[in-house]
Structure formats: C-alpha cells, structure tokens
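Visitor: So you can see what is in the structure, the chains are spelled out below.
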Amino acid sequence: MATSVEIKDLSLNYGSVKVLDRLNLDIAEGEFIVLLGPSGCGKSTLLNCIAGLLDVSDGQIHISGKNVTWEEPKDRGIGMVFQSYALYPQMTVEKNLSFGLRVARMPKAEIDSRVKRASEILQIEPLLNRKPVELSGGQRQRVAIGRALVRDVDVFLFDEPLSNLDAKLRNDLRVEIKRLHARLKNTMIYVTHDQIEAMTLADRIAIMKNGVIQQLADPHTIYNKPVNLFVAGFIGSPSMNFIKGDLQGATLSVDGQANIPLANYQFANQTNGASILGIRPEHILVGEDARKMPVQLESEIEIVEPMGADTVAWTKIAGQSLTFRAAAEVHLEPGQKVLIGFDPGRGSVFNVESGNRI
Amino acid sequence: MTALAPTSIGVEPSGPRPRHITAGRIGIYAFLIIAALFFLLPLWVMVITSMKSMSEIRAGNIFALPMQPTLDYWVKAWSSACTGVSCNGLAPGFFNSLKITALSVPVSIVIAMINGYALSFWRFRGSELLFGILVFGAFVPFQVLIYPIIFALSRVGLFGTLPGIVIVHTIFGMPILTLLFRNFFASLPSELFKAARVDGAGFWRIFFWVMLPMSVPIAIVAVILQVTGIWNDFLFGLVFAGRENLPMTVQLNNIVRTSTGTVEYGTNMAATVLTGAVPLIVYFVSGKWFVRGIAAGAVKG
Ligand SMILES: Nc1ncnc2c1ncn2[C@@H]1O[C@H](COP(=O)(O)OP(=O)(O)OP(=O)(O)O)[C@@H](O)[C@H]1O
Ligand SMILES: [Mg+2]
Chain C
323 MATSVEIKDL SLNYGSVKVL DRLNLDIAEG EFIVLLGPSG CGKSTLLNCI AGLLDVSDGQ
383 IHISGKNVTW EEPKDRGIGM VFQSYALYPQ MTVEKNLSFG LRVARMPKAE IDSRVKRASE
443 ILQIEPLLNR KPVELSGGQR QRVAIGRALV RDVDVFLFDE PLSNLDAKLR NDLRVEIKRL
503 HARLKNTMIY VTHDQIEAMT LADRIAIMKN GVIQQLADPH TIYNKPVNLF VAGFIGSPSM
563 NFIKGDLQGA TLSVDGQANI PLANYQFANQ TNGASILGIR PEHILVGEDA RKMPVQLESE
623 IEIVEPMGAD TVAWTKIAGQ SLTFRAAAEV HLEPGQKVLI GFDPGRGSVF NVESGNRI
Chain A
20 MTALAPTSIG VEPSGPRPRH ITAGRIGIYA FLIIAALFFL LPLWVMVITS MKSMSEIRAG
80 NIFALPMQPT LDYWVKAWSS ACTGVSCNGL APGFFNSLKI TALSVPVSIV IAMINGYALS
140 FWRFRGSELL FGILVFGAFV PFQVLIYPII FALSRVGLFG TLPGIVIVHT IFGMPILTLL
200 FRNFFASLPS ELFKAARVDG AGFWRIFFWV MLPMSVPIAI VAVILQVTGI WNDFLFGLVF
260 AGRENLPMTV QLNNIVRTST GTVEYGTNMA ATVLTGAVPL IVYFVSGKWF VRGIAAGAVK
320 G
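As they're listed, the protein sequences go chains C and A. Using this note's numbering, the first residue of the first sequence is number 323, and each one after it goes up by one. Using this note's numbering, the first residue of the second sequence is number 20, and each one after it goes up by one.
Rather than coming from a laboratory, the hints here were simulated on the basis of the structure. Predicted model only: the values in this text are computed from it and were never measured. Check the hints yourself; a few may be wrong.
[As the list claims (entries may be wrong)] Some, not all, of what chain C presents toward chain A, calculated at C-beta under 7 Å:
#: 1; residue: Thr391
#: 2; residue: Trp392
#: 3; residue: Pro395
#: 4; residue: Lys396
#: 5; residue: Phe404
#: 6; residue: Gln412
#: 7; residue: Phe421
#: 8; residue: Gly422
#: 9; residue: Val425
#: 10; residue: Ala580
[What the hints assert, rightly or not] Chain A residues, not near chain C, derived (Cβ > 10 Å throughout):
#: 11; residue: Tyr48
#: 12; residue: Asn107
#: 13; residue: Phe170
#: 14; residue: Leu211
#: 15; residue: Val217
Every residue gets a Cβ at the ideal spot worked out from N, C-alpha and C, and that includes glycine.
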C-alpha cells in the first residue's frame, strides 16, 4: 500500500531541550495510527510538526508523496481536531465548518454541499445555526471533526479529541470515529493517553517515551509481545505483573524461594542474569483452572477488588506482589489460600539491565 | 422516616433561601453610602456654587442650596469666559479635546491590539525582548522624554499640530495598552489560533475574523482607559498640541487663572464641571457595559 505520511529523522528542540530526536515513522494510506504515551512525551509536538504548526529543527515530513517540510499547514492536505475543540466562539456552527473553505474562496454552492455532507455524516444538521456556547461537549467535538471533514483532506490529525468528555460520551464518540474511519478510509493519526482508545481504534500503535517511539505495532502485538519494560508496564490495566528473578537457562529463580520453569517461552535472545518475568493479570488462572497450567503456586489473597464484570485480587509470591483477574463468580476473600497458575509462554521476559525483551 | 426537621424559624427549607439582614451587611452598606457621599461632596459643592450669585457665595455656607439658581455662569463658562486674551469660553477647548480624543483613542487601540496579537501568537526571534522593552516603557517617567520628542516632532514638522499630539498620545498609551491586549490574547487557547492556521487563515484574517470579535470586552476596557486618560491630559496637550489645538484642560486652567479683578467662582466651578463631564459620562455609560461585557463571558467559547 502507498505511504501516506512519511517522517524522516525528525528532530525538534526547544532551545537546548530535545523533544523529538531523529524520529522515523511511515504511515500507510488509510491507516489508523495511534500515538500513545505518558504526558509530556512529545505526542502533541509530533502532531503539530506534521500539521506544520511547529517548525522542525531537522528532518523531513512527506505527506502523500510530497515533501511538505516547509509548507504552510493549509497546503499539507491535513485537517486537525483539538482537545479543547477550538471552535471559533463568535461564529455559528455552519460558519465554523465553512471557515476554511471561505478562506480558500471556494464557490458558494460547493461550500454548501460540503457543509451539508459533513453535517449529515456527523448528525449535526439541527445545530448549524447555533453558536459553540450553545452546544454540549460532544456536539462541539463533532463540529470540530466536521471542520476537518469539510476540507476533504488526505490526513486527519486528532490531538486527544475525547479527553474533555465524560466516560459515556467518550465511548460513543470513539465508536463514531471508528465508523467514520471505516467510511472515509482516510489516514488518521490520533494522539491519546487513553489505552482503551488506542487498543480499540488503532491499526497500529506507536508507543512513545521521551520523544522516542518505543514500539510500533498492531494492538495485539503491543499487548502480547511488548518490546521492553516500559511498553509492558504502560499497556494494560491493571498493569502487568513483574516478577524479578535470576535467569539461568530456562529457569527463573525468584529470591531462591521459587523456581519458575520457562519451558514454553520462546526466547528471542536468551541472556542469563537478572531478569523480569512479565505476566498479565488476566493470564493468571485460579482454582481448578490453575491445575492445567505449567506453573502452579500456592498463595494467599491480600486484597480483593470486585470490578463488576470481573474481580481483581492481590496476592504475593516469593515476597513479590502479584495481581490477577478472576471471573466475577469465583469466590475470593482476603486471607484465603488459593492455587494460582499461569503459562510463561504467554508472558514476556525482560533483561533487567537493558530493559528489553529477550 | 419522618419528614425533615423544621428549622428554628419553623419553616421547612424549600425554594430560594430567605435573605437575612445581618449586622455585617448593614455595616457594609453604611460604609458604602458614607464613602459615596464623601466623594460626591466636592461635586455637589461645585454644582451648587456654580448656580449661586457672587454675593451669595461670599455670604457664606458652601453647602447651602442657591437662593436664586442661575445658569448664567454655565453659559459664560462655555461661550464667553476669557482664556488669556481671547474670550470664547471653553467651547473651542471642548472641540479640540474631542478631536484629539476621537483620533488618539482608535489609533492607539488599534495599534496596541495588533501589537498584543502579534506578540502573543506570532512569536518571532526577540519578540519577548521587544515586549519586555515595551512594558519597561511604562516605567519611564514621561517628563524625561518630552524634550527628545519635541525635537523629533519639530524635525518632521509635526510639533504643535493635531497629528503631533495624536502621535504623542499613541506612543505613551502603547506600553500599558499592549500589555493589556497581549495578556488578553495570551489567555485565549492557542489551539484556536492553530485551528485557524490549519483552516488556512493568515495574520490579518485570523486577526479580523477570529480574534477581533472576541476582543470586544477588553477593547471596551481599553477605550475607557484611553478616553479618560487622554481627556484628562494636561501636560502633553499644553506642550505638543500647539496654540490652535489646546485641549479643554489647558483652557480650563487659563480661565481659572485669568483674573480680571474679582475671582468668579461661579464661572470657574461651571467650567470645571463641564471639563470633567466627559470622563464622568464615560464612566457612567460604560461602567455598566464593562461589567456586562466581562460577566457575559463573551470570551469563553
Ligand atoms: N513551548 C515550549 N517550550 C519548551 N518546551 C516545551 C514547549 N512546549 C512543549 N514543551 C515540552 O515538550 C515536551 C513534549 O510536549 P507535548 O505537548 O508534545 O507533550 P504531550 O505528549 O502532548 O503530552 P500531553 O499528553 O500532556 O498532552 C514536554 O516535555 C514539554 O515540557
Ligand atoms: Mg498533548
């Protein structure tokens, strides 16, 4: 598939602070890419560079095969949706939608038909004559999306578009954005620090930390095969259990108290020494189910957190705390002794020194 | 469960909370009324004195109402009191001040607005420094600058002219007005500006279509500052306006100081009230707008 956005060795400095450092990213046409990372890691900065709102310090940006590194935002074929909606407060919804088109001196009839189409897609026709203050948060964000939609661009940029909305609305709009992508098939670059949004929307997720992409892969791979400790800990809630130990061959010995055989684990790059076994709470089974697992341990429940759909329980093995997720029907209570089991083949092993998956 | 317990006054709370008059509240109102009276007193004395005959003024009580109220002094102050050699009253000064204010206020505000907008959204190398210098300008005592400005204006032939005084007012209004507008624009979300950039709008289009409509409340504040400041100005008018364009304040001073024999208190009082009327009216009229403009949150999106 053709590349839509190509970022080559992009660097951006604020004075002496390096926010982005020689970043490379290729995005295919029609792909939905999510940039995910903790606050301050440079997601918005990267998006602003792609949009042309920030001058890059070094490197190139290509959009639809054209080098746009020095182009104005309007000439890059991008539309952008912001966290704070950024609607023009003194203009009606219709004027907000058509502003960019009027600036470009498009014929009136064309403007009208585009505004009509966008407002149909987003179901905001009844709101066209209202001012932004008269809209709810969800409606405002729809208008903001519409503003990018009317411009008929190749690439949509979203900067945390849903984070000002309440949980329910966020879910609804998330689905709507997914539907929009399925319908329009534009390239979309979406910044968020909500991992649910990332997992549900993305074709590929780019996990960023300190201006560097840690891993770029589809959600399944990110979830199941994180390349390093940062990615492993960042994705998943409750987060992955990390069991520290010493790896010799295919056995991890935990403080000399327990030996965990990693027989099923596919080592990519086996390195003996201080290592961490990462295992997701949902991959740990309890009770009868645990008996079928290659690794089985006795442990005592410390805390139980019922979540409704399931239950999260806290326990300890060899002095290290461990959480696991059990079906809501399983009866668990603090102090109870249970058998837990897991398959190390579903986990990840990291070298402590490098932090990388081995 | 039983119903909620009634309160000490025997009514179950429902609907708007009854307003109680407390001692604190009475104290506040008493203080406000006294303060208002205190500040109104001079105005009151001036207005009644301007309507009293000379003999009555001499007779004594400055707080007493006039026995035979007359508007003669007002007419005289407006149209025939002597300022130095000419005896045309304050009217010419009024129109001069009107001209100076009407030109200086929009010019200074428009420039300051563009400055503030450029300094907050179109940062360039050294823009922070420029802003710093501008704000520092607010602390330079303007007496220091009078001679250099006289010199510069005479070089270009604008000393003692209407454009000259307008330029002077514009320059001296710049630091505080730029500060006002820059801080206002800096408080707007930068995403709004980015959105307009993505929509393809340039410097002027963003200014006129997006920023200007949002700046009405702050522009009203600027207008109030400038109208009162420029109308009340004495020094610049005296130095820079030239004989033809002396503002009302300067002419008032001349009237009060031109004494032919007796001091005509009535005329002086009337002239003073007339001169002060414009800023007063501006406060009365705009005060309401001012508060409304800000309270209406015209700025919030
Ligand atoms: N104008 C600026 N001057 C200096 N440093 C800046 C500036 N803007 C951003 N930064 C720094 O750049 C880094 C990246 O900022 P950015 O806004 O891209 O973060 P982000 O990943 O979008 O975070 P968030 O999730 O909180 O939005 C931050 O460490 C921030 O402190
Ligand atoms: Mg951000």
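Visitor: Compare the structure with each hint and give your call.
Guide: Comparing the hints with the structure gives:
no., hint, in the structure
1, Thr391, "16 Å, violated"
2, Trp392, "15 Å, violated"
3, Pro395, "5 Å, holds"
4, Lys396, "3 Å, holds"
5, Phe404, "4 Å, holds"
6, Gln412, "4 Å, holds"
7, Phe421, "5 Å, holds"
8, Gly422, "3 Å, holds"
9, Val425, "4 Å, holds"
10, Ala580, "52 Å, violated"
11, Tyr48, "35 Å, holds"
12, Asn107, "47 Å, holds"
13, Phe170, "41 Å, holds"
14, Leu211, "5 Å, violated"
15, Val217, "5 Å, violated"
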